[in-house]
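Undergrad: So the chains spell out like this:
2 protein chains.
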Amino acid sequence: MKKHNFFAGPAELDETVIKNTADNIIDFAGTGISIMAISHRSKEFIAVMEKAVNLTKELLDVPSTHEVIFLQGGASLQFAMLPMNLLDKKAAYVDSGTWASNAIKEAKLFGEVVVVGSSKDKNYNYIPVGWEKNIPSDASYLHYTSNNTIFGTQFKKDPDVNVLLASDMSSDIFWRPVDVSKYAIIYAGAQKNIGPSGITLAIVRKDLLDKINRPVPTMLKYSTHVDKESMYNTPPTVATYACVQSLERFKNLGGVKALGKIADQRANSIYDEIDRNKLFVSTVPDASHRSNMNITFVMNEQYKDLEKDFTDFAKSRNIVGITGHRSVGGFRASVYLSQRDDSVNALIQAMKDFEKK
Amino acid sequence: MKKHNFFAGPAELDETVIKNTADNIIDFAGTGISIMAISHRSKEFIAVMEKAVNLTKELLDVPSTHEVIFLQGGASLQFAMLPMNLLDKKAAYVDSGTWASNAIKEAKLFGEVVVVGSSKDKNYNYIPVGWEKNIPSDASYLHYTSNNTIFGTQFKKDPDVNVLLASDMSSDIFWRPVDVSKYAIIYAGAQKNIGPSGITLAIVRKDLLDKINRPVPTMLKYSTHVDKESMYNTPPTVATYACVQSLERFKNLGGVKALGKIADQRANSIYDEIDRNKLFVSTVPDASHRSNMNITFVMNEQYKDLEKDFTDFAKSRNIVGITGHRSVGGFRASVYLSQRDDSVNALIQAMKDFEKK
Chain Z
639 MKKHNFFAGP AELDETVIKN TADNIIDFAG TGISIMAISH RSKEFIAVME
689 KAVNLTKELL DVPSTHEVIF LQGGASLQFA MLPMNLLDKK AAYVDSGTWA
739 SNAIKEAKLF GEVVVVGSSK DKNYNYIPVG WEKNIPSDAS YLHYTSNNTI
789 FGTQFKKDPD VNVLLASDMS SDIFWRPVDV SKYAIIYAGA QKNIGPSGIT
839 LAIVRKDLLD KINRPVPTML KYSTHVDKES MYNTPPTVAT YACVQSLERF
889 KNLGGVKALG KIADQRANSI YDEIDRNKLF VSTVPDASHR SNMNITFVMN
939 EQYKDLEKDF TDFAKSRNIV GITGHRSVGG FRASVYLSQR DDSVNALIQA
989 MKDFEKK
Chain C
639 MKKHNFFAGP AELDETVIKN TADNIIDFAG TGISIMAISH RSKEFIAVME
689 KAVNLTKELL DVPSTHEVIF LQGGASLQFA MLPMNLLDKK AAYVDSGTWA
739 SNAIKEAKLF GEVVVVGSSK DKNYNYIPVG WEKNIPSDAS YLHYTSNNTI
789 FGTQFKKDPD VNVLLASDMS SDIFWRPVDV SKYAIIYAGA QKNIGPSGIT
839 LAIVRKDLLD KINRPVPTML KYSTHVDKES MYNTPPTVAT YACVQSLERF
889 KNLGGVKALG KIADQRANSI YDEIDRNKLF VSTVPDASHR SNMNITFVMN
939 EQYKDLEKDF TDFAKSRNIV GITGHRSVGG FRASVYLSQR DDSVNALIQA
989 MKDFEKK
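Read top to bottom, the protein sequences are chains Z and C. Here the first sequence is numbered in this note's numbering, starting from 639 and rising by one per residue. Here the second sequence is numbered in this note's numbering, starting from 639 and rising by one per residue.
In short, the hints are calculated from the structure, not lab data. On a predicted model such as this, the values are computed, not experimentally measured, just so you know. In this text, a Cβ means the ideal position worked out from N, Cα and C, and glycines have one as well. Treat the hints with care, as some may be off.
As the list claims (entries may be wrong) - Within a straight-line C-alpha distance of at most 30 Å, the following computed DSS-like cross-link-like pairs (lysine-lysine) qualify:
1. C/728 <-> Z/859
2. C/746 <-> Z/844
3. C/695 <-> Z/681
4. C/728 <-> Z/681
5. C/681 <-> Z/640
6. Z/689 <-> C/994
7. C/681 <-> Z/689
8. Z/640 <-> Z/727
9. C/695 <-> C/758
10. C/640 <-> C/728
11. C/746 <-> Z/727
12. Z/953 <-> C/794
To be verified - Going by beta-carbon spacing under 8 Å, a handful of chain C positions derived as facing chain Z:
13. 772
14. 774
15. 775
16. 827
17. 835
Said to hold, decoys possible - Simulated DEER-style distance windows between Cβ atoms:
18. Z/640 <-> C/866: 44 to 54 Å
19. Z/817 <-> C/886: 45 to 55 Å
20. C/794 <-> Z/653: 28 to 38 Å
21. Z/654 <-> C/940: 52 to 62 Å
22. C/752 <-> Z/702: 44 to 54 Å
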């Protein structure tokens with residue numbers, strides 16, 4: 639029985655992406671060999687990697703000053719790789735949640751970290767604002783987490799600052815057009831919007847690489863992966879293949895602007911129900927800070943004891959993965975770019991029907 | 639049309655491993671969700687990771703002093719992670735090929751590297767011997783590459799030394815019983831014997847961790863992954879699942895000793911044909927140094943011009959992936975633990991038939 643999947647990541651993927659990947663696990667591109675078992679140096683796989691790079695460039699309008707690379711280790715490894723490669727003496731960070739704070743922790747191993755803004759005072763239930771003036775002019779970059787998966791908040795546009803930007807876009811990459819020229823780096827674990835876990839997308843500005851005087855292991859240098867076109871060592875072939883399926887679908891749906899519009903409609907329909915329904919309340923008071931990827935909500939104070947009942951009620955309707963992260967509690971509905979409309983409708987209907995009950 | 643797959647990695651996997659993975663890409667363990675799209679914190683996936691760890695412990699008889707962890711980034715990232723975590727002042731390395739030499743390069747970033755033995759003088763066509771006496775007593779470990787994928791040579795047993803061992807066993811893990819108690823670490827990219835690319839197995843001795851005075855990023859500390867049972871961040875769920883399918887199969891086939899025996903028979907039948915056939919010659923003169931995983935051979939001098947013809951002849955019989963690495967030339971037949979007998983027989987028959995022609 640197919641479930642309505644609201645997990646925060648790995649998260650739902652489109653059925654065509656799932657089916658194509660399963661088919662190519664059996665026979666990859668008519669080669670008579672599984673995508674799990676074919677050499678990454680075969681011309682058929684090289685074509686897959688090229689597509690992954692080129693589709694990303696096309697969808698995000700990546701300028702020629704930047705390169706798209708595919709890495710392993712998730713955003714968590716990028717928390718260290720970024721400062722290792724690009725932090726000279728000092729960098730500025732916005733602390734908007736758990737992942738932002740983990741990125742800060744790793745950066746401190748490589749230089750001075752100036753936390754220019756934070757929403758920690760209110761358990762990260764808003765996006766810090768007005769911190770732009772706090773950025774030191776000699777900061778190598780300003781790092782922000784574009785979408786806070788755990789706390790359900792989201793930057794709606796590129797921050798306007800006087801240094802280069804660096805961003806963890808793991809949970810909302812491809813949701814909005816990004817002015818890549820303003821960025822030293824954008825990185826994103828694939829397992830929320832694009833593919834399975836085990837592959838990380840990065841877009842790096844080429845002229846910044848190999849400029850810092852610090853010994854960096856070969857595998858941890860961005861320049862290694864730029865020079866070798868993401869094939870310095872064996873890339874995760876299955877995950878790369880699955881990502882390409884999503885990226886092709888994104889292109890066919892009309893690109894980033896069209897994708898964002900669809901995602902916004904889905905998110906708004908759930909937020910509307912949360913605001914209307916007397917049982918539920920959003921955990922993010924300022925609606926303009928709410929994430930359109932991860933919708934976090936709790937039971938209204940007087941209905942707190944119904945939390946488990948609603949989870950069970952949802953489960954009885956095949957809705958899974960809506961338990962909120964332990965740092966927030968309540969519920970979280972993750973509605974990334976491959977979420978299904980019928981799942982969103984099923985959740986809204988369950989909220990309505992549970993209220994009547 | 640199913641091919642006879644002799645690629646060096648990613649390499650052939652058993653058809654049950656391929657079929658189970660494809661099926662679970664559609665519906666993972668009856669959850670109604672793809673293994674690509676389910677949370678790694680779901681109880682169903684946690685069970686997969688536990689199986690991966692426990693089957694490895696069982697197959698390699700891992701003592702309680704050691705822990706099994708699953709990482710990303712391939713052996714190439716381990717070349718740096720190992721010295722970053724375990725090299726105090728000095729380490730000893732055996733240079734038996736390209737990968738060994740890459741490991742040496744990374745270790746030099748973290749301390750003094752003593753190359754105790756090398757076979758570089760003869761393009762790595764043998765396993766260095768008699769170097770044990772060159773190991774400094776204060777070396778943190780002695781590193782060796784158990785099987786040299788490119789040059790077709792293999793250590794047949796654990797070296798007998800007075801310091802802890804460290805080994806890249808990417809291309810022959812599970813081929814022979816290993817005395818894990820002698821090792822500081824064993825690591826192996828999965829994409830040759832166990833699963834698809836994008837997952838790396840490591841077995842680390844726990845009491846050595848976090849002892850070196852050097853700042854190490856969280857993701858690059860072995861202790862992080864030991865403490866969090868390989869779930870510090872999102873592991874590659876599909877690759878983990880596929881590995882478990884191979885490991886269960888290995889167990890059902892009778893474990894490491896039985897596997898090694900089957901592999902040896904396969905390798906010997908090809909070596910016998912190379913030695914018998916007037917057209918071909920092994921690139922490794924000393925038979926006791928020959929790899930039972932990667933069989934490298936070239937055309938005999940007087941038949942050199944037939945190289946392309948044999949490749950085409952093999953291809954006409956659906957035999958693919960036998961082109962040798964550019965540093966050796968000629969041919970390489972990779973016959974890892976999941977190689978098929980019918981593929982081995984097809985190759986031998988092609989060699990015989992081409993000789994007649």
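Undergrad: Is the hinted pair residue 689 of chain Z and residue 994 of chain C satisfied, with a Cα-Cα distance of at most 30 Å?
TA: 44 Å, violated
Undergrad: Regarding the pair residue 681 of chain C and residue 640 of chain Z, is the alpha-carbon distance no greater than 30 Å?
TA: Status holds; Cα separation ~18 Å.
Undergrad: For the pair supplied as a hint, residue 746 of chain C and residue 844 of chain Z, confirm whether the alpha-carbon distance does not exceed 30 Å.
TA: Measuring from Cα to Cα gives roughly 26 Å; hence the hint holds.
Undergrad: Is residue 640 of chain Z within 30 Å of residue 727 of chain Z, Cα to Cα?
TA: Cα-Cα ~51 Å, so violated.
Undergrad: Does the Cβ pair residue 817 of chain Z, residue 886 of chain C satisfy 45 to 55 Å?
TA: Cβ of residue 817 of chain Z to Cβ of residue 886 of chain C: about 49 Å, so the range 45 to 55 Å holds.
Undergrad: The hint names residue 772 of chain C as touching chain Z; please verify it with the least Cβ-Cβ distance against 8 Å.
TA: 26 Å, violated
Undergrad: Tell me if residue 835 of chain C is really an interface residue toward chain Z, meaning its C-beta lies closer than 8 Å to one of theirs.
TA: Because about 4 Å separates residue 835 of chain C from the closest Cβ in chain Z, which is inside the 8 Å limit, the hint holds.
Undergrad: When you check the alpha-carbon spacing of residue 953 of chain Z and residue 794 of chain C, does it fall within 30 Å?
TA: 54 Å, violated
Undergrad: Take the C-beta atom of residue 640 of chain Z and the C-beta atom of residue 866 of chain C, compute their distance, and say whether it sits inside 44 to 54 Å.
TA: 31 Å, violated
Undergrad: Do the alpha carbons of residue 640 of chain C and residue 728 of chain C lie within 30 Å of each other, as the hint requires?
TA: 49 Å, violated
Undergrad: Check the following: the C-beta atoms of residue 654 of chain Z and residue 940 of chain C are separated by a distance inside 52 to 62 Å.
TA: This hint holds: roughly 55 Å between Cβ atoms.
Undergrad: Verify the proposed pairing of residue 681 of chain C with residue 689 of chain Z, using a straight-line Cα cut of 30 Å.
TA: 35 Å, violated
Of the numbered hints stated above, those contradicted by the structure are hints 3, 4, 6, 7, 8, 9, 10, 12, 13, 14, 15, 18 and 20, listed in ascending order.
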